[in-house]
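The hints should help you fit chains B, C and D onto chain A, whose structure is shown.
If you want the building blocks of each chain, they are given just below.
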Amino acid sequence: MATKAVPAIKCTDLTKVFGQRKALDKASFELPQGAFLSIFGPNGAGKTTLLRILSTLARPSSGKAQVLGHDLIEKPGDIRAYIGLISHKPLLYLDLTAEENLLLTAKLYGVENPEQRVSELLATVELTSRRHDIVRTFSRGMTQRVSIARALVHSPQVIFLDEPYSGLDPHAVRIFDDLLQKIRLQGVEQRDGVGVEQGDGVGVPLFAEAKSGTPTPSPCSTPTPSPCSTPTPSLCSTPSPRTFCMVSHDMQKGLALATHLLLLERGKVVLFAEKDQVDPEEFVHLYHKSVGMGVA
Amino acid sequence: MSKKNDAQQMSATYKKPSTFQHYKILLGKDLRREFRTREMLTSMGIYTVLVLVIFGIALMQAPEKVDILQMAGGLFWAIIVFTSLLGLNRSFSYEKEDGALEGILLVPLDRSVIFLSKLTANLLFLLIVEIIAVPLFYIFFLSGLPMHPTLPWALLPLLVGTIGIAGVGTLLATITINTRGKDVLLALLFVPLIVPLLYACVSATTLAITGSPTLMDAYVPALALAIGYDVIMILVSWVLYDFVVSA
Amino acid sequence: MDPILEVIYSTVLSSAPYLIAAYALMWAVMLIYIIYSNRSLSNTEKQLSALEEAITQLESKA
Amino acid sequence: MSNKTSKLDALALPFLIIGGVLIIFAFVFNFTVTPMALGDIEVPEPAMIGGKIVTTTLLLSQKIFFYHMPVAVISMVALAFTAAYGIMFLRTRNTKYDIRAQTATEMSLVFVSMTMVSGVAWTRHDWGAWWVWEPRLITYLILMLMVIAYFILRTAVSDPERRATYSSVFGIIVAVNAPISFMITRLVPSTHPVVFRSDSGLPPLMLIPLLLTILGFSLIAFALFRQRVRARQMEEQVESLKLRLDDLRG
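Residue numbers (numbering that gives the first Met the number 0), protein chains in the order written: chain A, 0 to 295; chain B, 0 to 246; chain C, 0 to 61; chain D, 0 to 249.
Since the hints were derived computationally from the structure, they do not count as laboratory data. Incorrect hints may have been included.
Stated by the list, open to error - When the alpha-carbon atoms are kept at most 25 Å apart in a straight line, the in silico BS3-like pairs for lysine-lysine are as follows:
{"hint": "1", "chain 1": "B", "residue 1": "K23", "chain 2": "B", "residue 2": "K95"}
{"hint": "2", "chain 1": "C", "residue 1": "K45", "chain 2": "D", "residue 2": "K51"}
{"hint": "3", "chain 1": "D", "residue 1": "K241", "chain 2": "C", "residue 2": "K60"}
{"hint": "4", "chain 1": "A", "residue 1": "K21", "chain 2": "D", "residue 2": "K6"}
{"hint": "5", "chain 1": "A", "residue 1": "K25", "chain 2": "D", "residue 2": "K241"}
{"hint": "6", "chain 1": "A", "residue 1": "K63", "chain 2": "A", "residue 2": "K252"}
{"hint": "7", "chain 1": "A", "residue 1": "K74", "chain 2": "B", "residue 2": "K14"}
{"hint": "8", "chain 1": "A", "residue 1": "K267", "chain 2": "A", "residue 2": "K252"}
To be verified - Chain D stretches covered by chain B per the calculated footprint, using a threshold of three residues with CB under 8 Å from any CB of chain B:
{"hint": "9", "region": "150-157"}
{"hint": "10", "region": "160-166"}
{"hint": "11", "region": "174-184"}
Claimed, not checked - Over the 10 Å line for every Cβ pair with chain D, so calculated as not near, a few chain B residues:
{"hint": "12", "residue": "K15"}
{"hint": "13", "residue": "Y46"}
{"hint": "14", "residue": "V48"}
{"hint": "15", "residue": "V50"}
{"hint": "16", "residue": "D66"}
{"hint": "17", "residue": "R110"}
{"hint": "18", "residue": "F139"}
{"hint": "19", "residue": "P145"}
{"hint": "20", "residue": "V167"}
{"hint": "21", "residue": "L170"}
{"hint": "22", "residue": "N177"}
{"hint": "23", "residue": "L187"}
{"hint": "24", "residue": "V190"}
{"hint": "25", "residue": "S236"}
{"hint": "26", "residue": "L239"}
Glycine residues also receive a C-beta, built at the ideal position from the N, C-alpha and C atoms.
Looking at chain A on its own, in the form it has when it is part of the complex (with noise of 0.2 Å):
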């Protein structure tokens, strides 16, 4: 099974009922990796459920979806390994330390020398100085960065995003697009699909060789050749790009960042389409007519 050819995302047929509304009806896409999914839609129009859904936060009524090849179904244990969820919502221990909130994570994704793991991302989202200060007293702005730091502690080849624009003053905007754009433009050692069984060591070497030249705009840098540092069994496998999956109000945001578009309306999939394929105006011409139409 070619690592690369493997969608993201495949859903077929993906509903939700709720009582007797339908809030995802027979939503079908393929997202393939390395692609960022804007979703657009009025309210109520399922973006959240399908977000919620994808992210094994919700279970689906009927349909199937494949996140990296594993089954959301059959086995949501495998995904939980791959994705990261920033939400509005912190998903924090606001009475912890932003160093025990990481920590915390980090052993519970089992990952090895977690103090030297969170050390690391707490640099990147610049809050070395917070690092045990608790995350109450933290900013909105601050405290999306924690939860973005805590979405990254085991790598996740899919990070899901919804709303993560709400609440955040221009200034913590600015720091989290930089973020967006630093995370976009590091691959990630992709877990071979094959190596990964639900009780053995999932652990994959930090060493990765060859480039690997995707067509999406997030060119890999080319990581130094480094000896396979873990003696896990699994196959050292070629960096690949982060997908991501978005949900905002934010027309200009989703629009700038994304690579491939979804409307949802009332929740059927009007459109789904690679950004470069469609014509911003008809896009925006659309929105607005389901938005118009939409449950208010």
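For chains B, C and D alone, coordinates are given in the frame of chain A:
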């Protein structure tokens, strides 16, 4: 930003921890958070003292011939049930408000471990509060009276009862965090379910306190039934927990 | 009535009202429930037929 | 409506009628043919009544037992159905089972209230107090509280799937708890002897009305269960039609 290579810096190797490790980590989190905020311990401790005072004033008027010994077991368990209700409600409220529980649900782990770690945490906090409540209860109600040698036997049903309360309470608290009017609802769901355990524990405790001659042949079956209740109810709660926490 | 029979039947008379109350209340609970169930069934049926009518009308018009 | 249910529903009405006839027949039989139970208060001198020597007082109040016990049994059985449907829902997540679990609990509530009503009346006469903390009454009191809590829980949760999951889980816990409380309240030695002397062997003349009543109430329970399930399924259809109506009009 150090010149270190970005790709290397953002990736990590990891090995899926065992369930017991998950249990320890989650329990550590609960204990650390509680010993920092001491939210549950202080509120339960103060609540116990208040209930003791109320019972004291309520019974003060009772004429001398009322045998406090007979009622002591029942009184004590009433305090324990009310206090644990308060504690159980708070044990989950902070998990829900910042989405912290969802953060844990995102991690690939066996979700009933969350039940076991929460149960242990709640059990420890209840026991800590009981360490204050027992001597205080003794001072307030039993100090003047002659004590029977069998008094220490009352501690066993206390432990068994607290385990049962923590088990059933943790499952029900997980249900009520997502509902409206959660405090009242937890009490409503919790009290009828805990009645059998209470029935057995109060009987065992009273026998121990009053030191009645038929102690052994009545005390042991009551305690055994309480233990039976714990085993069955905690097992059922453990099996059902994944459905509840993922709902 | 000779005293012996009186003792034998002593509890009968006193228990009569409670007996009647018990059975009356049980019947009452059952009957109330049956009436409630029938009524809720019938007005749901009415609602259903009304809605179906409205929909067929709309669909025929559209 | 799938035809499977309509076949069962067709049975609903006849069962209701047969059940009604049975319990009325048992009621009449109980008060005519069945002799009164023997009380435990000794009579100074035996007397001859209806060809039998009577040495103790006669208990009319014991006649409440003939509806009390069947109704109590059915409330417990209904709870078992709640748990079964709850487990089925958790496995298949199909709302069909949630509707049946909710209806089974409703039946349990109706029958346990009948149990309580008759139990309290019986205690009032036999023990002179409206309430006695004795095993049988405690068991059915907390059973009633748990079933009421079940419905309050249902109203407190808005999201349909979460509501169904929580009530299935709580239904199972309650069904597990009921027999435990039945056992514990009787096995833990307490000061109160069991009030109702019903467990002693029943003479055939008493057994007949009892079994008929159990059968009668079971048929009624089945009929009402089917009717309530059909009503609830129809309510769901009404909801979905309303939504379609909004779409058409929207």
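Numbers of the earlier hints that this structure fails to satisfy, in rising order: 2, 4, 6, 20, 21, 22, 23, 24, 25 and 26
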